[in-house]
Amino acid sequence: MTSEKVKNMKYIFHPKGIAVVGASTKPDKLGNIVLKHLVGEGFEGKVYPVNPKYDRILGMKCYSDVTKIKGKVDCVVIATPAPTVPKIIQQCGKKKVRGVIVLSGGFGEVGNIELESKLKETAERYDIACIGPNCLGVFDPYTDVDSLFFPRYKLQRPGPGDISFVTQSGAVGECIMDLAAHYGIGVSKFISYGNGTVLDESDVLEYLERDKKTKQVILYIEGVKDGKKLFERIKKVNKKKPVVVLKAGKYGKALEAAMSHTGNIAGNYLAYKAAFRQTKVTEAEDIEELFDFVKIFGQPLPKGKRIGVITNGGGLGVLTTDAIEEQGLLTSVFGKDTEKKLREVVPAHRNIGNPLDVAADANVELYKNSLDVFMGDRGVDGIIVAVLFQSPAINEDIVDVLVKASDDRRKPIVVVAVGGSYTDNYRRILEGKGVPTYGSPLGAVKAMKRFVDYSLSKKNK
Amino acid sequence: MLEEFRLLEKHGFKLLPYKVVKTLNEAVATAEKMGYPVAMKVVSSEISHKTDVGGVKINIRNHIALKLAFKEIMENAKGKMVEGILIQKMARKGVELIVGGKKDPQFGYMVVLGLGGIYVEVFRDISARICPINEKDVEEMVQELKAHPLITGARGKKPINFKSLKQLLIRTCGFLKKEDIKELDLNPVVFDSKGCDIIDVRFTR
Chain A
5 MTSEKVKNMK YIFHPKGIAV VGASTKPDKL GNIVLKHLVG EGFEGKVYPV
55 NPKYDRILGM KCYSDVTKIK GKVDCVVIAT PAPTVPKIIQ QCGKKKVRGV
105 IVLSGGFGEV GNIELESKLK ETAERYDIAC IGPNCLGVFD PYTDVDSLFF
155 PRYKLQRPGP GDISFVTQSG AVGECIMDLA AHYGIGVSKF ISYGNGTVLD
205 ESDVLEYLER DKKTKQVILY IEGVKDGKKL FERIKKVNKK KPVVVLKAGK
255 YGKALEAAMS HTGNIAGNYL AYKAAFRQTK VTEAEDIEEL FDFVKIFGQP
305 LPKGKRIGVI TNGGGLGVLT TDAIEEQGLL TSVFGKDTEK KLREVVPAHR
355 NIGNPLDVAA DANVELYKNS LDVFMGDRGV DGIIVAVLFQ SPAINEDIVD
405 VLVKASDDRR KPIVVVAVGG SYTDNYRRIL EGKGVPTYGS PLGAVKAMKR
455 FVDYSLSKKN K
Chain B
357 MLEEFRLLEK HGFKLLPYKV VKTLNEAVAT AEKMGYPVAM KVVSSEISHK
407 TDVGGVKINI RNHIALKLAF KEIMENAKGK MVEGILIQKM ARKGVELIVG
457 GKKDPQFGYM VVLGLGGIYV EVFRDISARI CPINEKDVEE MVQELKAHPL
507 ITGARGKKPI NFKSLKQLLI RTCGFLKKED IKELDLNPVV FDSKGCDIID
557 VRFTR
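In order, the protein sequence lines correspond to chains A and B.
The numbering used here puts the first residue of the first sequence at 5, with every later residue one more than the last.
The numbering used here puts the first residue of the second sequence at 357, with every later residue one more than the last.
If we strip away everything but chain A, and leave its shape as in the complex, we get (with noise of 0.2 Å):
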């Protein structure tokens, strides 16, 4: 049964009207910066500004508390000082309004565990959905809700997509939400839960679970509250949408002596990678990672770990084929039917095998005529295409064939281009077409792997 908190999560990301308590007319402070953005970009909804001290605010009316609202007000942002706050959200409950973001800090994190209580109290007496304290609240595409208290010209913002961040840490939350828009990555909703007081991780996962506009979810989480609930959620949500999840703070030091040798070597990180195995989810090791995995996971899933690889940078192919055995996957052996169809279209002095290396005078047809071959062939579970976009045979053709086969959706293909700036832009190129690219063998073949591990977990289910 989904608790009436987490279902009013949806006034937080469609609110008819927002009130912004704690706005100011000075331009370095919070409460300005999010006013700014949700009356000056494309949330449609109606905006309050809220503060006592004010009768008008970049020209809008100002009211004295939520309460003096005439209209309807679904959401409302919190920026004052931590004392207030729990009194603005009784106000809040009083005049029915079903989300609060808290962006303020001062609560448990500094010590102020009594006042933390004291928020939780009043925002679960109203049912309300609070995210926060101690947050950069969220972002949210589709409906330009938006209280990260960046301003857009230092932290770019990701445009609509089918992925959703939640985020412990405000500080690596807008780092990655800066990345996936620098990327071309496209966003669902962004939840910065800071103290997850009232929502906590699994709650906003569990409201993912069901969102129609999420179709894959990364999680970056420094330490849990409640272990099993996340545990539950987590292997619930990764059944239907792939978790993408960055632990930190792994190697704190121990709280106590251990006595046993198992207490010696099992840290606190122990049980959370034993938790992500368990529950099938996908770790990444770091921000890089986290990023190679989800450009991959909105390709279609691969009924097994054979690896089809084709270059025309013969290094590349080795690289890439050597990276495959070392991470656990396999490369495909080629039947006879495919030999045949290759053997049509490669040219008679070349070698026909995986990786099926078509030399650096290849030019854009061969590739898309043995990519074709590679797309038929039922031994292929995945592709990767290792392009050597340096060679004076390959042009700007070759992102269309590219394109063309990644939007077929047989099977996962993924491009590697190494090189500086010229590479690099078809790397961009090709990011921006949804085709998945990595500058390096290896990061494309990790992808590929657990990619693999993920698909082929939900078929042994």
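Note that these hints are calculated values from the structure, not bench results.
Keep in mind it's a predicted model, so treat the numbers as computed, not measured.
Just so it is clear, CB atoms sit at the ideal spot from N, CA and C, and this is done for glycine as well.
Check before you lean on any hint, since a few could be wrong.
[What the hints assert, rightly or not] Computed beta-carbon distance windows for the label pairs:
hint: 1; chain 1: B; residue 1: ALA510; chain 2: A; residue 2: GLU330; range: 17 to 27 Å
hint: 2; chain 1: A; residue 1: LEU460; chain 2: B; residue 2: MET357; range: 57 to 67 Å
hint: 3; chain 1: A; residue 1: LYS98; chain 2: B; residue 2: GLU477; range: 57 to 67 Å
hint: 4; chain 1: A; residue 1: LYS462; chain 2: B; residue 2: ARG511; range: 32 to 42 Å
[Said to hold, decoys possible] DSBU-like, lysine-lysine: derived pairs with alpha carbons at most 30 Å apart:
hint: 5; chain 1: B; residue 1: LYS538; chain 2: A; residue 2: LYS229
hint: 6; chain 1: B; residue 1: LYS533; chain 2: A; residue 2: LYS251
hint: 7; chain 1: B; residue 1: LYS370; chain 2: A; residue 2: LYS243
hint: 8; chain 1: A; residue 1: LYS100; chain 2: A; residue 2: LYS217
hint: 9; chain 1: A; residue 1: LYS284; chain 2: B; residue 2: LYS366
hint: 10; chain 1: A; residue 1: LYS309; chain 2: B; residue 2: LYS492
hint: 11; chain 1: A; residue 1: LYS277; chain 2: B; residue 2: LYS423
hint: 12; chain 1: B; residue 1: LYS366; chain 2: B; residue 2: LYS534
hint: 13; chain 1: A; residue 1: LYS233; chain 2: B; residue 2: LYS534
hint: 14; chain 1: B; residue 1: LYS533; chain 2: A; residue 2: LYS232
Given the structure of chain A, go ahead and fit chain B onto it with the hints provided.
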């Protein structure tokens, strides 16, 4: 040690035959009945590190060696309260694993599997799962170990008895929960193709 043994037995763990004896005659009779080779360990609440004081003798193959060992252990324990000597059948030869358990503050009870014996803290080649677990979890735990070829059969060696490993890990989960164990080491547990022997146990509540 004896208390730990009894508690494990209560929870269905199969231990090597053991008996505490007080006299030399009793020791000989017990060993003959169990069958050689046997191990002998001093039982004393005043001695915590038995090996360090010469309170442990292993691989005793006949009654002559047993008599010598008995006298030597008693000699080494002089001045301490000795409750008896534990005679235990020697374990099989095979792959030494550690089966551990821990209560994690976030996730609750978890089981740990690794290459056992003295290198466990050096290589830290371990895998873990949150309880409860099923047979599939055990298979994945084994696959996660770098040392897994030792378990699944390397260089012409027979694989270890998987059924007993699965039973042991699943039983350990139940034991941790029922007895509310904070930390547990079954180390080492020796596996061969037929089964396993738990050699030593340690736990705290």
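Against the structure, the hints come out as follows:
1. B/ALA510 / A/GLU330: 17 to 27 Å: Holds, since B/ALA510 and A/GLU330 (Cβ atoms, about 19 Å apart) stay within the stated range.
2. A/LEU460 / B/MET357: 57 to 67 Å: Check failed, 45 Å falls outside 57 to 67 Å.
3. A/LYS98 / B/GLU477: 57 to 67 Å: Between A/LYS98 and B/GLU477, where Cβ atoms are some 59 Å apart, the hint holds.
4. A/LYS462 / B/ARG511: 32 to 42 Å: 35 Å Cβ-Cβ, so the 32 to 42 Å window holds.
5. B/LYS538 / A/LYS229: 19 Å, holds
6. B/LYS533 / A/LYS251: Answer holds: B/LYS533 to A/LYS251 is near 27 Å, not above 30 Å.
7. B/LYS370 / A/LYS243: 38 Å, violated
8. A/LYS100 / A/LYS217: 27 Å, holds
9. A/LYS284 / B/LYS366: With Cα atoms ~35 Å apart, A/LYS284 and B/LYS366 exceed 30 Å; violated.
10. A/LYS309 / B/LYS492: Holds, at roughly 20 Å.
11. A/LYS277 / B/LYS423: Outside the cut-off at roughly 51 Å; violated.
12. B/LYS366 / B/LYS534: OK: B/LYS366 and B/LYS534 at ~11 Å, within 30 Å.
13. A/LYS233 / B/LYS534: 21 Å, holds
14. B/LYS533 / A/LYS232: The given pair, whose Cα atoms are some 15 Å apart, holds under the 30 Å limit.
Hints 2, 7, 9, 11, counting from the list given before, are not met by this structure.
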